[in-house]
Structure formats: C-alpha cells, structure tokens
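**Student:** Protein sequences appear in the order of chains A, B and C.
Reminder that position 337 of the first sequence reads as 337 in my numbering, one-by-one numbering, no gaps.
Reminder that position 49 of the second sequence reads as 49 in my numbering, one-by-one numbering, no gaps.
Reminder that position 98 of the third sequence reads as 98 in my numbering, one-by-one numbering, no gaps.
Keep in mind that the hints are not guaranteed to be accurate.
Unchecked claim - With a Cα cut of at most 20 Å, we get these calculated PhoX-like pairs of lysine-lysine:
(1) A:K157 with A:K122
(2) A:K51 with B:K59
(3) A:K139 with A:K157
(4) A:K148 with A:K159
(5) A:K197 with A:K157
(6) A:K139 with A:K159
(7) A:K195 with C:K61
(8) A:K340 with A:K122
(9) A:K274 with A:K51
(10) A:K267 with A:K55
(11) B:K172 with C:K61
(12) A:K340 with A:K195
(13) A:K159 with A:K202
(14) A:K55 with B:K59
(15) A:K340 with C:K10
Claimed, not checked - For each label pair, taking beta carbons as the anchor points, the in silico distance ranges come out as:
(16) A:G160 with C:R277: 46 to 54 Å
(17) C:S137 with A:P242: 49 to 57 Å
(18) C:R186 with B:V248: 34 to 42 Å
(19) B:F213 with C:F199: 50 to 58 Å
(20) B:S129 with C:A276: 35 to 43 Å
(21) B:I190 with A:N140: 56 to 64 Å
If you're looking for bench data, these hints aren't it; they were derived computationally from the structure.
Every residue gets a Cβ at the ideal spot worked out from N, C-alpha and C, and that includes glycine.
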Amino acid sequence: MKKTTLTSAISLAIALSTNTGYAQEEINALVWCDHTDPEFIQPFEQANNVKVNLKDYEGTGTALSIIEQSQPGDWDVFVVDGVDVPRVVEAGLLAPLAEDSLPLTDLFAEIVMAENHVIDGKTYAITEKFGYNTLSFNKNNVDPEDMKDLSVMWSEKYKGKIALYDYYLPMIGLVAISLGIDTANIQESDLPAIKEKLFAMKAAAKQVGEVVSSQTAIATGEVDILVGGGEWVTAGLTAELPHLDWIIPDQGAVRWSQSVGVFADSKKPDLALKFVQYILSPEGQARLATSSCYWAMPANSKAGDHLSDQQKTALRWNDQKGYLANSQLYPVPSAELDAKMQDIWTEFLQQ
Amino acid sequence: MILRLKSLGMAGYLLLLYGFIFLPVATLVLFSFQEGRFPIPPFNGPSLKWYQAVFSDHKLTSALTNSLLVALISSAFACVLGFMAAYGFARYRLPGAAAIKATISAPLTVSYLIIGFGLLVSFNLIGVSRSLFTVGIGHVVINTPLCFAIIYASMGDHQLNIERAARDLGAKDWQVMLRVTAPMLMPSIIAAYFLSVTFSWDEFIIAFLLSRFDVTLPVEIWSLLRSGLNPKTNAVGSVVFLISVVIVLLLEFTIFRRGALRDRQS
Amino acid sequence: MAASVALRCKGWAFVAPALLWTLAFFVIPFLVMVMYSLWQRTGTTIVKTWNLDNYASFFEKSHFLAGLSNSLEITLLVTVISIVLAYPLAWIIAERVPHRWQRLALLLAILPFWTSYVVRSYAWLLVLSRNGYLNQSLLGLGIIDTPLEIASTRIATVTGFVHFFVMLLTLTIYANLVQLSPNYRRAAADLGASGLQTFWHVILPLTIPGVMVGAFLTFVLCIGDYITPQILGGNNELVLPQIIMLQITRRADFPTAAALSIILMAVITIAYILCARWLKMERT
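Taking the hints into account, I'd like the entire structure generated from these sequences.
**Tutor:** Here it is, written out as structure tokens:
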C-alpha cells in the first residue's frame with residue numbers, strides 16, 4: 001500500500017514539475033534583470049501565446065558560466081553586453097540575424113556599434129539599451145560640486161558613505177579613466193596602479209554589491225554615493241525619491257550597452273526572432289527603458305514617442321549627445337588580462 | 001535572598017536569550033505589515049498589501065509548491081533507503097559493516113555546497129539537464145544518512161523477539177519488515193521523515209546549484225532579495241513561519257500527545 | 001554454511017539501495033570533483049592535463065588564503081561564543097525549568113528557526129542596518145549618537161551565525177544534561193560537595209562529550225555556509241564558500257572551485273580527527 005501511494009506520488013510530481021499543463025510554446029532567455037519586469041514581458045506573451053522563461057545574471061562571466069552549465073538547446077535568446085558580443089560570436093553561441101528584420105536605421109547612431117555586431121558581413125546582435133556607469137548620489141547629503149571629480153571615489157571626506165558596484169569591468173574602467181588611461185588601452189603594466197586605487201576605494205567604502213543591493217543601499221540612505229551607478233540606479237526612483245541624482249564627472253565615465261541576439265542552437269529560432277523584434281519595437285523599447293529593475297536609454301529613438309516627459313527628464317533624454325561624447329566603453333581584455341583583472345577584483349573584495 | 005537573586009538572574013538570562021532568538025523573526029513579522037516601500041523603521045500603520053502581493057505572485061506560489069513536492073517526496077525516498085539500511089545492519093551480520101556504515105553516513109560531514117557542486121559537475125559531464133528532479137536527488141543524498149542514523153539508533157534487541165515470533169508464525173522477511181518492524185519504529189521513522197522534510201524544505205545551496213527555471217522557495221526568496229529590500233520578502237518569511245508553527249502544533253497535539261498517552265498507559 | 005550465505009544476501013538486499021545511492025550520487029560526484037581539481041581552466045576551455053597547479057596557486061594567492069583564514073577565524077569565534085551562551089541556557093532549562101514546561105521551552109527556542117534560513121539572515125540585515133531596528137532603538141533611547149555600522153561587517157556575520165548555533169548547542173547540551181543519572185549528583189552531595197563544586201567537578205566533565213558533538217556540528221555547518229556571510233557580510237572579507245561560489249557562478253572555473261572545495265573538506269576532516277574520540281556513532 002505504501003509502495004503504490006509512493007509511485008503515484010512520484011508520477012504526479014514528475015507530471016507537475018515538467019509542465020504547467022497548458023500546451024503553450026516556451027522560450028528561454030538569458031538576460032539582465034531589467035527584462036524580468038512582468039509589464040515588459042506580458043504583452044509579448046499574450047500577443048504570441050508564449051511563455052518566456054527568464055534567467056537573469058549580474059555579469060557576462062556569470063552568463064557564460066550558466067551557458068557552460070547548460071546543454072545545447074537549453075537557451076533561445078541572449079541579452080549580453082555589447083562589448084562582449086565579439087567573443088560570444090567567436091565561441092559560436094549566436095546565430096546570424098537577417099538585417100531586414102531589425103530596425104537598425106531607427107537606432108541612435110553612436111550606439112549601433114557595427115564593429116561589435118557585424119562579423120564577416122553577418123549581423124549577430126543588435127543594441128537594445130544603453131547607459132552609464134558613473135556616480136549616483138544623494139543631493140541632500142553631498143556637495144554636487146565634489147561629484148564632478150572622479151577622485152571622490154576614494155575621498156576621505158565621504159569615507160564610509162560610499163557603495164561600490166560589484167562588477168569589475170566598469171569599475172576598473174572608471175579607475176583607469178581617473179588615472180588618464182583609456183579603457184581601450186589598459187595594459188598589464190597599468191594594473192598595479194589600478195589595484196592601488198581600487199584598494200583605496202575599498203577602504204573608503206561601506207559595501208560592495210550588485211545591481212539591486214546597490215540601488216537599495218542608496219535608496220534607504222545606507223550610503224550617499226554609489227560609484228558605478230548612473231541613471232540606471234536613480235532614474236526609476238526619482239519619482240519617489242527626488243533627492244537622488246547622477247552625473248558624469250569632468251574626466252568622463254564608462255558607457256555600457258546591452259545587445260540582444262538569438263542562440264545558434266536554439267530550437268525555436270522563429271519565436272526567438274519575434275521576441276527580439278518585440279524588444280526593438282518602439283513600444284517594447286519604451287517599456288524596457290522604464291522597466292522595474294533599472295531604467296536606461298532605449299536604443300531605438302522612436303521609443304521617445306512612447307515615453308512621458310517626466311520619464312525623459314529622468315533619463316536626461318536631451319543631454320545624451322554630450323554624454324555619449326564624454327564616455328568610454330567597457331574594457332575588453334584578452335583572456336589572460338581578464339583573469340588577472342578578476343584576481344585583482346577578488347583580492348579587492350577581500351580587503 | 002541569594003536564592004532570589006540567582007532565580008532573578010536566571011530568569012533575566014532566559015529573557016535576554018529568548019529575546020535575542022526572537023528578535024529577527026519579530027522584526028520580520030512586524031515589518032511585513034509595513035505600509036511603505038522599504039521594511040525599515042518607522043513603522044507605518046498595518047497593511048496587508050504585501051501578503052496580497054505574495055499570493056498573487058505566481059513565481060512565489062509555484063516555488064512554494066515546488067518546495068513542498070521536493071521536500072515530501074525526496075524525504076520519503078530518504079526514509080525508505082535509511083530504514084532499509086538500518087534494518088539490514090541491525091538484523092544481519094555483514095562483512096565490512098563498519099566501512100559501509102561510514103560510507104552511508106559520510107554525506108553528513110560534507111558541506112552542502114560541496115555535495116551540490118559535485119552533483120553539478122557530474123550531471124554536466126553526462127549531459128543531464130538541471131531541474132527539480134536533480135534537486136530531489138541532491139536532497140535524498142543529504143537526508144538518507146540522517147534517516148539512517150535516527151532509525152538505526154532506535155533499533156534495539158527488544159524488538160528482535162517480536163520479529164522472531166512473527167517469523168515463527170510463518171511471515172516472510174519483507175512481511176516482517178513491513179508489518180512488524182516498521183510499525184514498532186514508527187516514532188523514529190516519523191521523526192526522521194519530518195526532520196528530512198525540514199532540511200529539504202529550507203535547503204538553499206543544492207537547490208540553487210541544481211535547478212534551472214522551476215525553483216524552490218529558498219531560491220525564489222533569494223532572487224527576491226536581490227531585488228532589494230522589499231516587504232514582500234517579509235511577508236513570505238512570515239507565511240513560511242506561520243505554516244511551520246501550524247505543522248509543529250499539529251505534531252505536538254497528535255503524535256506526541258498520543259505517545260505521552262501510551263507512556264502513561266504502559 | 002549455505003544458510004549463512006543466504007542470510008548475508010538478504011542483509012545485502014536491505015543495505016544495497018542506500019549504499020548504491022550514496023555511491024552513485026555522492027562518492028562518484030566527489031571523485032569527479034577531485035578529477036576536475038587536477039585539471040586547469042584556460043580561457044573558455046578546460047585543459048585536461050593532470051597537475052596540482054590549482055592547489056599550488058591556493059597557497060600563492062593571498063585572497064584564497066585570506067578566505068581560509070576568515071573562515072577559520074569566524075567559525076572558531078562563533079563556536080566559542082555559542083557554547084558560552086548556550087550552556088547556561090541549556091542548564092537553566094534542564095535544571096530550573098519545571099519538567100512539564102521543558103519541552104515547551106525547547107519548542108519556543110526552536111520556533112524562530114522555522115522561518116526560511118535565507119529570510120532569517122535577511123531579517124538580521126533589517127535589524128542591523130544603519131536605518132534598521134537596532135540603531136533606531138538605540139538612537140531613540142539616547143544610548144548612542146551616531147548609528148552603529150554593524151551591517152555588512154564581520155560582526156553581522158558572527159551575529160547571524162551565533163543566533164542559529166546557540167539554539168543548536170542548547171539542544172545538544174540539554175539532551176546530554178537530561179541523560180545524566182541523578183545518582184552522580186546524589187553521590188557528590190553525599191560526599192559533601194556544594195552545588196558549585198558538584199557542577200564544576202562532576203556535571204561539567206560529564207557533559208563535555210555533548211558539548212564537543214555540538215561544537216563539531218557547529219564547526220562543520222558554519223565553515224561550509226554560504227548564505228549568512230553573503231547576505232550579512234556585504235562582500236567584505238570573503239569566506240571560503242563565497243570564494244568557491246564566485247569561481248562557479250562568475251567564472252565557470254570548475255577546476256579551481258573543485259580544488260578549493262577539497263581544501264575545505266580537508267579542514268573539516270582535520271577537525272573531525274581532533275574531535276574523534278567524542279564522536280562515535282553507536283547503537284544504544
């Protein structure tokens with residue numbers, strides 16, 4: 001008697017755990033957390049009778065690690081930092097996309113970044129969103145003039161009131177910019193100087209955290225300055241917390257952009273492409289730009305028609321020209337340099 | 001006078017320590033009724049909106065169901081394996097018994113992180129996808145030695161005579177085990193089962209490493225946490241707490257009362 | 001002769017399922033992990049040449065060694081503090097609380113731990129953060145002027161751990177205390193010992209085995225834990241499990257993670273050997 005109940009329980013379990021019951025198509029997407037907002041996903045799911053399974057990650061290394069721990073065909077859509085697209089394509093992960101299926105001409109010119117996305121004449125991904133890793137701060141507790149100089153990152157004046165964004169690439173990039181080194185030209189010989197500054201920053205900081213713990217820290221007043229923050233931290237919160245602001249210092253800041261593509265071994269390439277097209281559509285772009293995890297500039301300029309004035313102000317829509325000029329891309333190190341950078345970062349966390 | 005001081009001191013110590021033990025849970029439950037967006041003081045008037053948010057959050061409710069399923073089923077498996085092994089060792093003399101016992105008990109001393117990681121790389125190597133099923137396998141691994149230890153410790157010689165009597169009356173071995181031994185050991189078996197359910201229900205690291213989209217509650221709460229300080233997390237924690245309290249009270253008033261009655265009768 | 005062989009086969013039949021399961025899903029994965037620890041990861045591929053580089057680099061890289069020392073320091077601190085706090089509590093419940101209330105007292109002590117482990121650690125974050133409950137109360141009472149910076153530090157991690165292990169140790173020490181025959185106390189009283197002397201010379205030594213079992217459990221669970229340091233430590237002073245997880249999740253560097261895991265296991269094994277004489281698994 002015990003055995004029969006056990007077997008039926010097991011079969012029930014397997015049935016329940018493998019499928020939600022309704023015969024729906026599913027696609028699996030590996031994304032940054034801004035794609036997990038139900039308001040962004042549901043219109044697409046309902047229009048296409050599809051379930052989108054999302055897994056979010058905090059850094060490209062983690063994404064690649066997840067892919068390595070998966071089997072071929074496990075994933076359909078990939079959202080990944082623009083600067084990492086070349087090596088992802090080199091690893092054979094992405095499928096080429098037909099250019100006429102994408103609204104390339106509607107994108108802001110500076111962030112098309114064809115050199116990253118078009119390899120051997122084929123387009124593998126398209127920019128969908130961009131923003132900056134710079135300084136976010138609490139206007140009430142700090143002097144905005146101090147924020148114009150990157151050296152505030154390790155200042156004694158705000159010691160213990162600083163949070164650091166836990167992503168080594170833009171943070172090392174910011175430090176490099178403060179030392180006058182271009183992010184595209186970071187050499188191994190620059191690392192000791194960068195390491196020294198990083199340790200100084202750690203000494204002045206209260207905590208190191210990823211996207212949302214950084215947001216929380218500055219939102220709850222745990223810290224007053226977030227290094228590596230930007231509009232993606234504060235724009236979504238300014239309605240409730242108007243004392244939060246962000247700025248690009250005089251020395252410049254780091255610009256991030258995320259692109260979207262389809263996995264080469266996806267079993268649902270047509271559905272995946274539909275999802276990509278939804279993301280790049282003006283409505284999809286507007287929803288992505290203001291999605292709950294973090295706000296940032298949409299790549300498609302037509303999205304402006306679907307954003308309110310308050311949202312555009314929070315995103316500094318009209319200041320983008322100047323910002324784009326004064327920002328540099330993430331460092332793109334070779335495998336050995338990357339390993340050294342990650343080591344420095346782990347040491348940095350240990351301080 | 002000194003006696004009074006001692007008693008006062010002890011009462012004070014009790015109060016202090018119980019206060020320490022209850023502090024986080026009290027804060028948790030209190031701020032699950034928070035009105036504002038962040039669960040930090042000051043406390044603004046009671047509001048049930050976060051509980052509403054929890055029950056309308058499809059991901060949370062399915063994570064809850066998944067946790068229950070994995071806990072109940074994997075613990076049943078672990079209990080069966082542990083019971084059979086305990087029976088085998090207690091009733092039969094096997095060569096190398098000490099070594100086998102040590103092997104079966106080994107997972108108890110290994111960190112869950114290492115068990116989960118080992119399974120992760122192994123499944124990866126042979127091409128098995130991660131799922132609730134793999135999480136269940138991991139949980140059986142950690143709970144079997146527990147069940148084995150608990151049940152084995154309660155198998156004594158006084159049960160041997162009853163079993164011998166049953167065998168004399170013509171019962172086959174598996175009948176003896178199922179119909180005679182198991183009922184006699186019911187308290188330990190149930191204790192082992194519920195302990196396993198507790199460990200599995202609350203287990204994070206193995207579930208985190210070995211699941212993909214269908215996750216268990218601790219993993220879902222962890223993702224919630226990474227979405228920032230949110231009274232929704234408080235509400236979930238309070239709900240879990242409430243469910244557990246109810247289960248414990250149920251246990252207390254059914255199993256243990258029955259046991260106490262039996263003791264009083266005998 | 002044939003009868004005893006048949007008996008043995010039956011015995012094996014009962015033991016085999018558990019043994020096979022453990023072999024398949026514990027021993028073999030462990031061996032696979034050992035195998036990985038002897039390989040190297042370069043770039044995006046795993047080079048399968050056998051070498052001990054991962055272990056060598058453990059001793060060379062300061063942040064790995066720091067991880068181990070942080071783990072040991074925190075674990076030993078937690079174990080000692082938990083024992084010091086738990087022993088009196090266990091003693092009071094066992095000796096001074098009336099019999100019929102004892103199980104309730106224990107139940108009350110365990111009750112808070114029926115929340116999810118993850119949520120409990122998060123609750124401590126709420127209590128200890130700058131705008132959290134503790135600071136607000138202390139500020140309100142005028143005991144301090146500026147908020148205490150406890151969250152995201154080692155103190156927070158230790159607090160979170162001690163919270164759990166005090167309960168665990170109370171249970172194990174209590175179990176030991178109630179098993180002691182009252183004859184010991186009677187004999188000591190007959191010989192003229194005072195309460196304090198009885199405790200110090202008789203009760204305490206008799207409960208050492210229970211304390212050591214609890215201490216060992218605390219050590220193993222604490223040193224291998226990822227959640228509490230990750231939530232409460234603020235990514236400062238990483239412990240070994242955090243470093244292992246970093247290798248797994250951010251770099252897919254299974255070889256390094258495997259080597260670090262084996263080192264963690266070695267530490268636990270050393271602790272086991274040191275406590276071995278108190279940790280025997282026997283039937284009553």
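**Student:** When the hints from earlier in the document are held up against this structure, which numbers fail?
**Tutor:** Violated hints (numbers, rising): 1, 8, 11, 15, 17; every other hint is consistent with the structure.
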